[in-house]
Amino acid sequence: DAKTTQPNSMESNEEEPVHLPCNHSTISGTDYIHWYRQLPSQGPEYVIHGLTSNVNNRMASLAIAEDRKSSTLILHRATLRDAAVYYCILRDVETSGSRLTFGEGTQLTVNP
Amino acid sequence: DAGVTQSPTHLIKTRGQHVTLRCSPISGHKSVSWYQQVLGQGPQFIFQYYEKEERGRGNFPDRFSARQFPNYSSELNVNALLLGDSALYLCASSFLRENTEAFFGQGTRLTVV
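Protein chains in written order, with the numbering used here: chain A, 118 to 229; chain B, 15 to 127.
Honestly, the hints are just simulated from the structure, not real lab data. Glycine residues also receive a C-beta, built at the ideal position from the N, C-alpha and C atoms. The reader is advised that the hints may include incorrect statements.
[What the hints assert, rightly or not] A few chain A residues that face chain B, going by a derived Cβ cut-off under 7 Å, partial list only:
(1) P161
(2) Y163
(3) R216
Next comes chain A alone, as it looks inside the complex (with noise of 0.2 Å):
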């Protein structure tokens, strides 16, 4: 699985925008790009994924850069509930099935 890079930690203000950014310089053309979030205590939740368009869903959005290079994660109003562990996994579908291949994450920290 290719791999992507990630920032450590990132902080944000409640209600505030948070952007997370990931690097994937290495993704293939049938990558897909996934996001997941680990809050404290529990299992990873699915956050969004995408290919090449940007997508929106009720949790988030997904800006997918032209090259598809890199992507970023966007939480338009943080809130405290969004403290958590994110990851940003590429998935090849055809080689991977439902494999995820998680690496360090984003630990995003909300102030109130």
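Given the coordinates of chain A, work out where chain B should sit on it, guided by the hints.
Frame of chain A, contents of chain B only:
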């Protein structure tokens, strides 16, 4: 609907012992995957089972084994426990083998002493 359920939630075992962890997927989900999460790291893939067959295996020794039952529930077995096996063991289920969205349970915290 109930989410993915794992049992037990916590477990303490002695080195050399054997352990069995259990997972019940979301109703209708046929794919179950197991992950090991050591403190401070992201989860590491161990196995995927789909329709009762092993469909993927991570870089873990043969001491780790798993199976999936006709009702799609699954067991993870670890033999000859080592101190390094202490971790949070997570189970994830999805409807299809290739599903993009995996649903994780709360995990089983295994401590080996």
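Evaluated hints:
| no. | hint | verdict |
| --- | --- | --- |
| 1 | P161 | 5 Å, holds |
| 2 | Y163 | 5 Å, holds |
| 3 | R216 | 5 Å, holds |
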